[in-house]
Amino acid sequence: MTHAADVPLWAAVPVAFLLLIGAGLALAGSIGLVTLRSFYDRMHAPTLGTTLGIGSILVASMLYFSILQTRFVLHEILIAAFMVVTTPVTLMLLARAALYRDEREGNPDAPPRRPTPVQD
Amino acid sequence: MPDSLLLLALVCLPFLGALAAGLLPTRARDAASGIAGTVALACLGLVWAAYPTVSSGGVLRAEFAWMPTLGLNLTLRLDGFAWLFAGLISGIGALVVLYARYYMSSDDPVPRFFAFLLAFMGAMTGVVVSGNLVQLVFFWELTSLFSFLLIGYWHHTAAARDGARMALTVTGAGGLALFGGVLLIGHIVGSYDLDAVLSAGDRIREHPLYLPALILIVLGALTKSAQFPFHFWLPHAMAAPTPVSAYLHSATLVKAGVFLLARLWPVMAGTDAWAWTVGLAGLTTLLLGAYIAIFQNDLKGLLAYSTISHLGLITLLLGLKSELALVAAIFHIINHAAFKCSLFMAAGIIDHETGTRDIRRLSGLNQSMPFTARLAMVAAAAMAGVPLLNGFLSKEMFFAEALTAEAPLSPLLNILPLAAMLASAFSVAYSLRFIHGAFFGPVATDLPRTPHEPASWMRLPVEILVLTCIVVGLLPAATVGPYLAIAVHGVLGDDVPYYSLAVWHGFNLPLVMSLIALAGGVMLYALLQQRLRGDVEGPPLIRRLDAQRIFEQVMVFLSWRLARRLETLLGTRRLQPQLRLIVGIGLLAGAGAVWLRGFGPGNLPSTPVDPVLALVWMVGAAFALGTAWQAKFHRLAAVMLLGGVGLVVCITFVWFSAPDLALTQLTVEVVTTVLLVLGLRWLPKRFQVAGDRGPEVLTRTRRARDLAIAVGAGCGLAALSYAVMTRVPPELLASHFLERAYTEGGGTNVVNVILVDFRGFDTLGEIFVVAAVALTTYALLRRFRPAADSVEIPEQQRDQDGATQHDDAVRPTADWLLVPFTLTRLLFPVMLVVAVFLMLRGHDLPGGGFSAGMVVAIAILLQYIIGGAAWTEAHLRLRPQIWLGAGLLIASGTGIVAWFFGRPFLTTYFAYAELPLIGKVPTASALIFDIGVFALVVGATLLMLVALAHQSVRGHRAAPRRVGSRAGEA
Numbered sequence: 001m002t003h004a005a006d007v008p009l010w011a012a013v014p015v016a017f018l019l020l021i022g023a024g025l026a027l028a029g030s031i032g033l034v035t036l037r038s039f040y041d042r043m044h045a046p047t048l049g050t051t052l053g054i055g056s057i058l059v060a061s062m063l064y065f066s067i068l069q070t071r072f073v074l075h076e077i078l079i080a081a082f083m084v085v086t087t088p089v090t091l092m093l094l095a096r097a098a099l100y101r102d103e104r105e106g107n108p109d110a111p112p113r114r115p116t117p118v119q120d
Numbered sequence: 001m002p003d004s005l006l007l008l009a010l011v012c013l014p015f016l017g018a019l020a021a022g023l024l025p026t027r028a029r030d031a032a033s034g035i036a037g038t039v040a041l042a043c044l045g046l047v048w049a050a051y052p053t054v055s056s057g058g059v060l061r062a063e064f065a066w067m068p069t070l071g072l073n074l075t076l077r078l079d080g081f082a083w084l085f086a087g088l089i090s091g092i093g094a095l096v097v098l099y100a101r102y103y104m105s106s107d108d109p110v111p112r113f114f115a116f117l118l119a120f121m122g123a124m125t126g127v128v129v130s131g132n133l134v135q136l137v138f139f140w141e142l143t144s145l146f147s148f149l150l151i152g153y154w155h156h157t158a159a160a161r162d163g164a165r166m167a168l169t170v171t172g173a174g175g176l177a178l179f180g181g182v183l184l185i186g187h188i189v190g191s192y193d194l195d196a197v198l199s200a201g202d203r204i205r206e207h208p209l210y211l212p213a214l215i216l217i218v219l220g221a222l223t224k225s226a227q228f229p230f231h232f233w234l235p236h237a238m239a240a241p242t243p244v245s246a247y248l249h250s251a252t253l254v255k256a257g258v259f260l261l262a263r264l265w266p267v268m269a270g271t272d273a274w275a276w277t278v279g280l281a282g283l284t285t286l287l288l289g290a291y292i293a294i295f296q297n298d299l300k301g302l303l304a305y306s307t308i309s310h311l312g313l314i315t316l317l318l319g320l321k322s323e324l325a326l327v328a329a330i331f332h333i334i335n336h337a338a339f340k341c342s343l344f345m346a347a348g349i350i351d352h353e354t355g356t357r358d359i360r361r362l363s364g365l366n367q368s369m370p371f372t373a374r375l376a377m378v379a380a381a382a383m384a385g386v387p388l389l390n391g392f393l394s395k396e397m398f399f400a401e402a403l404t405a406e407a408p409l410s411p412l413l414n415i416l417p418l419a420a421m422l423a424s425a426f427s428v429a430y431s432l433r434f435i436h437g438a439f440f441g442p443v444a445t446d447l448p449r450t451p452h453e454p455a456s457w458m459r460l461p462v463e464i465l466v467l468t469c470i471v472v473g474l475l476p477a478a479t480v481g482p483y484l485a486i487a488v489h490g491v492l493g494d495d496v497p498y499y500s501l502a503v504w505h506g507f508n509l510p511l512v513m514s515l516i517a518l519a520g521g522v523m524l525y526a527l528l529q530q531r532l533r534g535d536v537e538g539p540p541l542i543r544r545l546d547a548q549r550i551f552e553q554v555m556v557f558l559s560w561r562l563a564r565r566l567e568t569l570l571g572t573r574r575l576q577p578q579l580r581l582i583v584g585i586g587l588l589a590g591a592g593a594v595w596l597r598g599f600g601p602g603n604l605p606s607t608p609v610d611p612v613l614a615l616v617w618m619v620g621a622a623f624a625l626g627t628a629w630q631a632k633f634h635r636l637a638a639v640m641l642l643g644g645v646g647l648v649v650c651i652t653f654v655w656f657s658a659p660d661l662a663l664t665q666l667t668v669e670v671v672t673t674v675l676l677v678l679g680l681r682w683l684p685k686r687f688q689v690a691g692d693r694g695p696e697v698l699t700r701t702r703r704a705r706d707l708a709i710a711v712g713a714g715c716g717l718a719a720l721s722y723a724v725m726t727r728v729p730p731e732l733l734a735s736h737f738l739e740r741a742y743t744e745g746g747g748t749n750v751v752n753v754i755l756v757d758f759r760g761f762d763t764l765g766e767i768f769v770v771a772a773v774a775l776t777t778y779a780l781l782r783r784f785r786p787a788a789d790s791v792e793i794p795e796q797q798r799d800q801d802g803a804t805q806h807d808d809a810v811r812p813t814a815d816w817l818l819v820p821f822t823l824t825r826l827l828f829p830v831m832l833v834v835a836v837f838l839m840l841r842g843h844d845l846p847g848g849g850f851s852a853g854m855v856v857a858i859a860i861l862l863q864y865i866i867g868g869a870a871w872t873e874a875h876l877r878l879r880p881q882i883w884l885g886a887g888l889l890i891a892s893g894t895g896i897v898a899w900f901f902g903r904p905f906l907t908t909y910f911a912y913a914e915l916p917l918i919g920k921v922p923t924a925s926a927l928i929f930d931i932g933v934f935a936l937v938v939g940a941t942l943l944m945l946v947a948l949a950h951q952s953v954r955g956h957r958a959a960p961r962r963v964g965s966r967a968g969e970a
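Protein chains in written order, with the numbering used here: chain F, 1 to 120; chain X, 1 to 970.
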């Protein structure tokens, strides 16, 4: 924060823009999480934040620190990679749990279950 | 032989013999009695070997340093008085061993008997030769213990068990009192050494703590010597085999009390308090014991009460303010041992040969065992105080003292001669009853066995003892005189008063009193004939005053009612009251501290509140409240909210630049949450019933109170933390650590340097605790049986398993969660790399063994969660126990290595190592220590979590039938 003033304007504008985009996407995802009706709908909303949202912020971070330290700062790529790998795991586990539960409770709002053909 | 060797052998030989006898096979009666007899005779020889020194007034001493700084040494000291007792113990011990060889049945486990008997002999010798009061108390307690074991030797009978327990309770409690008294004496004198104590008589008597010390010591002595009001245990101890009664309950154990009183006589006696406590107890016991003894129908019971009475006589003599009375007391100790021991043996012979000890059934044994009858008659006559026998001499001395003694109050002085005569008459009456009841009258026909004379070896000890009675009675000065003189010299030193051991002192008042008592006793027995033949149990007049009943009531009160009441009052098996108690006490302690010292502002200036952090904290607080709110019915939600609280804490650590803490917090949070969720599965279900009327008033009140306690404790803790964090002490330890972390610890990560270097020993202790906790959890979970309503397999698991019944059962989840499964498998090596990275850089940058271990544990945990226990264990061989053990070995090994370099435990070493490709790397031996921590954390976490996870697998296996039937239906 202390060196923010040292960043030239040509770099500061895209960094700020990217940050705002990321934050806005995260906010939109959060609002969606609150307002959307069914669980399956809600599940999609936070992915805005965890994919494109976090991606924009990470790009902003790379840009900012690379310029500030006058070298390539790239380890945000690792963060992005881990986010990409881990987010689906969480979501699929959640969805699965919800599916089972709805099936048990006979919830009419649940998506219809595809008849599983027995593959031998 | 040097003194120290002699004394050591005297004390240790019996214990060694006991060990040898105890190792013999159960049926080895002859070998065991041979060992016991040899040991007893050897001890007698040792005592005799000490005679030259002791007879010239010398004292044998041996000291072995034990805890010299505390004044506790193993000191053995044999003066004249101790010598006499040691002689009695070993001499009578040898006779009793011979007697017991023939008394004990070959069906009994005789080696055990002799082992206990020898151990008791050693303990008793230890009491008399102790030169240190603490040591004396130690041996004193040992005698109580071995007496307990000997009384309870026939533990298949209830009487033996009860008698043993009662004796142990009474004498053990007395021993405790004695210990207290000894500590007080040691405090007054400044030393526990007997010589120092004996030379500090005036100081002790004038000290303000004299009275408490006196009362405690007298309590110990009175309980041991079965004095009123603690006399009741001795008759019950008669459930012991007769040799035990003859040895412990006439000659040795019960004499320990009077031994102690006589031992401390020079320093503690001479005051009114002493005369009142000791004298009055002795007088009461003398009369009461003799009176009750007349009405006993059991031969051994009669002898037991007679013993109580004679011990009362000795105690009374010790309570009088007169040196001559002390001489009489010591003399009577010897005489009583001789005649009472032989009488017990005679009673044992009668019991052995006829099968009963009931005086009312026994009769006319003079016909069938004339020789034993003669022996018993002489011994009983000695007990009654018939002239020309040893009992007469000490009784004469007692009468003379009763007439001349000083007493604190004159009325006591007046009744003393009368009481003495009365007690003497009683003793004549019970002696007559013993002899007349057992040996005279018509020959009994309904005895369990046909009586005949015992084996001559069994009679030999009785013969020796009776002969002693006669010889001492006839020629006192020539036989017992020198030994008595030695003993009296041992107690009194050089101011021994003049006394005469003649049979005939002329026709004086004591003789008249003796004659009156003899005649009175005979008349009393004749008058009581009618009553004694009846079936009435117990003595007239005081039958209702049963000390035993009072004792039992006290015991029931103490061990049952009081204990139960305290338990219901203070204890609970429910967790909520326990928690309430703990939190309440914590709250009170904190409030007390504030109330005493006040609550002022700290010395640090307050920093402005950052709005972002405040927001984060408000979220955290909301999570915390939500956790409490949901904990009752929605445990899973509560656990998730708790995880949120943990994350907020983690963010706080990051915010305040504590990355190490944040890392640890994050990993611990993950593992804890998984642990809780795994545990939730086994908790009983709890539903909110729709039509519930809501809690009762009482429950509402309780909840309100709990809420108040919780809020109070939480606010208190917050206030405490605030108070701590807003002040800095002038000398902050942290700055010391900050300065020296790199120069002395070789690391720039101060937190890690503290953990593995400065406070390495703490960490070592902590990881041992963690290991113990993990192993305990594992052990507890192995035997875990879930509650009935949580045994059932959860619905989802049932559905899944049902759906995959016809599939390949080995990889059920892999089919269902192929994408997450693959992704987690990909992540596994990455997480391991992260762990290694965290560990290696830990000494200089945030990381370290602990967080690295947690990361590895989490990586494996993820495989479990996604892949399932069966799959993970088929592909990954986890050996948590080996990790655990290796961690402990590595960590402590690092500490030990420092010894080889001549440094203290856990000294660290650091240097820069040149590695190919990577270059110069700072390395410290603390890193190896950290690797140990790492391995331990991995092992402990996995052990606990895997044990919990396996519960599900086991439950699954436990109910396969239901699953099968369900699948069959579908």
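One should not assume that every hint holds.
What the hints assert, rightly or not - Straight-line Cα separation of at most 25 Å, SDA-like style, residue types lysine to any residue; simulated pairs:
1. X:Lys-685 - X:Lys-321
2. X:Lys-685 - F:Leu-94
3. X:Lys-632 - X:Thr-572
4. X:Lys-632 - F:Asp-102
5. X:Lys-685 - F:Ala-45
6. X:Lys-685 - F:Asp-102
7. X:Lys-632 - X:Leu-566
8. X:Lys-685 - F:Arg-104
9. X:Lys-632 - F:Leu-94
10. X:Lys-685 - X:Val-769
11. X:Lys-685 - F:Thr-47
12. X:Lys-685 - F:Pro-14
13. X:Lys-685 - F:Val-73
14. X:Lys-632 - X:Leu-613
15. X:Lys-685 - X:Met-640
16. X:Lys-685 - X:Glu-792
17. X:Lys-632 - F:Arg-104
18. X:Lys-321 - X:Pro-510
No lab work stands behind these hints: they were computed from the structure. Since the structure is predicted, the reported quantities are computational estimates derived from the model, not experimental observations.
Checked hints:
no., hint, result
1, X:Lys-685 - X:Lys-321, "79 Å, violated"
2, X:Lys-685 - F:Leu-94, "22 Å, holds"
3, X:Lys-632 - X:Thr-572, "21 Å, holds"
4, X:Lys-632 - F:Asp-102, "24 Å, holds"
5, X:Lys-685 - F:Ala-45, "33 Å, violated"
6, X:Lys-685 - F:Asp-102, "20 Å, holds"
7, X:Lys-632 - X:Leu-566, "31 Å, violated"
8, X:Lys-685 - F:Arg-104, "18 Å, holds"
9, X:Lys-632 - F:Leu-94, "24 Å, holds"
10, X:Lys-685 - X:Val-769, "33 Å, violated"
11, X:Lys-685 - F:Thr-47, "34 Å, violated"
12, X:Lys-685 - F:Pro-14, "55 Å, violated"
13, X:Lys-685 - F:Val-73, "52 Å, violated"
14, X:Lys-632 - X:Leu-613, "30 Å, violated"
15, X:Lys-685 - X:Met-640, "18 Å, holds"
16, X:Lys-685 - X:Glu-792, "11 Å, holds"
17, X:Lys-632 - F:Arg-104, "24 Å, holds"
18, X:Lys-321 - X:Pro-510, "19 Å, holds"
The structure fails hints 1, 5, 7, 10, 11, 12, 13 and 14 (numbered hints given earlier, in ascending order).
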